[in-house]
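Trainee: Here are the chains, one letter per residue:
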Amino acid sequence: MDTVTTTGLTKSYGRQVVVQGLDLRVPEGCVYGFLGPNGSGKSTTMKMLLSLVRPTAGEVLVLGEPMNRSTRRRQLARIGSLIESPPGYGHLTGGENLRLVQRSLGLDEAQVDRAVRSVRLEEQLDKKVAHYSLGMKQRLGIAMALAREPRLLVLDEPTNGLDPAGIEEIRELLRRLAGRGVTVMVSSHLLGEVDKAADVFGILSAGRLLFQGSREQLFAAAVPDLLIDTSDPHRARAVLDDRVAARVDGGSLRIPGIDDQGTARVVADLVGAGAPVYGVRREEQSLEDVFMDLTRGGRL
Amino acid sequence: MSGRRVGTGGVVRNEVAKLRHLRVGLVAGLMVLGMVALTLLSTLTSAVFADPARRSWDVPLAGLSLAVPLVCPLLLALVASRMVDVEHQGGGWLLNATSGTTPGVLCRAKLVTGAGVVVVVTAVTHLSVWALGRLAGIDAPVPVGLWLGFAAAGLAVNLVVLALHVVLSATVDNQLVALGTGLLGTVVAVFGSGFPAWSAHLTPWGYYSLVAAAGYEGQDLVRTSPSCFSVLVLTVTAAALFGLVTSRFDRQETR
Ligand SMILES: Nc1ncnc2c1ncn2[C@@H]1O[C@H](COP(=O)(O)OP(=O)(O)OP(=O)(O)O)[C@@H](O)[C@H]1O
Ligand SMILES: [Mg+2]
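Chains as they are written, first to last, in our numbering: chain Y, 1 to 300; chain A, 1 to 255.
Next comes chain Y alone, as it looks inside the complex (with noise of 0.2 angstroms):
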């Protein structure tokens, strides 16, 4: 069963339309990577998710319930979130502000305690949140999210400010949530910081979905640059003419967006016009480049 499933969710502010259309299926226990760049709607789509902000048009169904004012509060006490900058209140230490969140939801010590530990907060409860720097900040606000014992954690740019070993205990986190059944939905503008921890893949541009599917998928979904390598690629060039968009990186040339039968094709006027050719083949490409790819050309 999917723990989070959108159809044709929209958001529009005034003649703005910032979410558009989106049917998220994010699978029970897996972490699911919500990328897209600034300004793309990740965040307004997760607050449509917990019911914080009103969708235009479409639903949201929240472990098999339908999420909506009537249902949110009962909802919201078995989802964690944290959206957007990290909360907490700089005048109380971090331990009153999570007295706090016990409070309100009802919660024991040791559940408190045990989000604490897993976001090793242990040694700065004492301390006003005020002088906390941005990461500790950070994991309190995932220790107040993770507190309830939350079947899914919807965290908005966890890892935003943090240095590379912050990111990766949080990639850590939330591989062993995962583990646990716990399903997590992060999101970030940069492929790399989730790259590693995400299972299944959304990707955002400008309010629509562009791809959703596991990392094999993505690839699969992306063709990678052809680099054919010719001791002459300006000759090269001159031979394939205007017919393919090719340019002369380094010692060989290079095609974007070619398919099979267009690389067998190329290669045979090449051969066929006496340009050597010693080399063909597909550029070996990373996620990031896959998402940017996606991205900048609003396709897929």
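No wet-lab data here; the hints were simulated from the structure.
Wrong hints could be hidden among the right ones.
Claimed, not checked - Output of the computed footprint for chain Y on chain A, the stretches with three or more beta carbons under 8 angstroms from beta carbons of chain Y:
#: 1; stretch: 12-24
#: 2; stretch: 91-99
To be verified - Cut-off 20 angstroms, straight-line C-alpha distance, at most; resulting in silico cross-link-like pairs (SDA-like, lysine to any residue):
#: 3; chain 1: Y; residue 1: K127; chain 2: A; residue 2: L19
#: 4; chain 1: Y; residue 1: K127; chain 2: A; residue 2: R20
#: 5; chain 1: Y; residue 1: K127; chain 2: Y; residue 2: E109
Said to hold, decoys possible - For the chain Y half of the interface with chain A, some residues (derived, Cβ under 7 angstroms), not all of them:
#: 6; residue: V53
#: 7; residue: R73
#: 8; residue: S81
#: 9; residue: Y89
#: 10; residue: S104
#: 11; residue: L105
None of the values given here were measured: they were computed from a predicted structure.
Every residue, glycine too, gets a C-beta built ideally from N, C-alpha and C.
We have chain Y already, so just place chain A with the ligands on it with the hints.
Mentor: Same frame as chain Y, now just chain A with the ligands:
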């Protein structure tokens, strides 16, 4: 997922817990001190009080009737602002909304908590004035009815002003606006008595002049009876408006 739902009581207890380090106690102390000191000052400098034959409770009551509008509007604005601004600063609206406590609920809990502070301030102030009056040698019997009416009506006006400031501080992030309004309110409250009675009904601060128990007309000290009916109407109206506005907060989207 062993969350047990917590009612309004939990929200109010959280509000009380948030008061730590906010110096609301200090502001409350300042209110008491300010009102008592002003009352003492105006009493001891009063020509009426200097004459043992005419020495009566009307003198400190007139002093307190002036001290309340002088001290309360700004410091109430400060109390409300201190309580509400932490939500703006700490992302508290969103944090609470994600646990199911909507902004309107939060504002109502803040009013209840702030009201507790104001009740204590009112009680301590009035009791102090009474005790100091006794010490200063006012032997006349205490006009219990008048005094209780004055205290209750004053308390009601203070609560209305507090409610207004909770809403204002929650609506406008910049707390200078709230404090500026408090300052403006002080001016209206203090000079309200110089204007015709109908104009006092126009703003919540005007009502301070309607609750006075005594005052000077020229050199003469006169007893006035607080306009309890007007204050009742104000309180009921304000309660309805506060309920309306905060339930709108509950339905609003989180910023
Ligand atoms: N309350 C609002 N009123 C009007 N427009 C809004 C509102 N909230 C968001 N938007 C617009 O919706 C778009 C998406 O915003 P959103 O915050 O969801 O993006 P995001 O993907 O989270 O971006 P970022 O990576 O910067 O956090 C933006 O263009 C933003 O200006
Ligand atoms: Mg965002």
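Trainee: Have a go at the R73(Y) hint: is there a Cβ in chain A nearer than 7 angstroms to its own Cβ?
Mentor: holds, 4 angstroms
Trainee: Do at least three Cβ atoms from the stretch 12-24 of chain A come closer than 8 angstroms to Cβ atoms of chain Y?
Mentor: Since 7 is at least three, the answer is holds.
Trainee: Are S104(Y) and chain A close enough, Cβ to Cβ, to be under 7 angstroms, as the hint says?
Mentor: holds, 5 angstroms
Trainee: Is it true that the CA of K127(Y) sits at most 20 angstroms from the CA of E109(Y)?
Mentor: holds, 19 angstroms
Trainee: Would you check whether V53(Y) satisfies its interface hint, that is, whether its CB is within less than 7 angstroms of any CB in chain A?
Mentor: OK, holds: V53(Y) within 7 angstroms of chain A, min 5 angstroms.
Trainee: Given Y89(Y) as an interface hint, is its Cβ closer than 7 angstroms to any Cβ of chain A?
Mentor: holds, 4 angstroms
Trainee: Taking only the CA atoms, is the gap from K127(Y) to L19(A) under or equal to 20 angstroms?
Mentor: Cα-Cα ~17 angstroms, so holds.
Trainee: At least three residues with a C-beta closer than 8 angstroms to a C-beta of chain Y: is that true for the stretch 91-99 of chain A?
Mentor: The restraint on the stretch 91-99 of chain A holds, since 8 of its residues have a Cβ under 8 angstroms from chain Y and three suffice.
Trainee: Given the proposed pairing of K127(Y) with R20(A), does the C-alpha separation stay at or below 20 angstroms?
Mentor: holds, 14 angstroms
Trainee: Under 7 angstroms, Cβ to Cβ, is where L105(Y) needs to be relative to chain A, so tell me if that hint holds or is violated.
Mentor: The hint holds - L105(Y) has a Cβ within 7 angstroms of chain A, the shortest such distance being about 5 angstroms.
Trainee: Does the closest beta carbon of chain A sit nearer than 7 angstroms to the beta carbon of S81(Y)?
Mentor: holds, 5 angstroms
In this structure, every one of the numbered hints holds.
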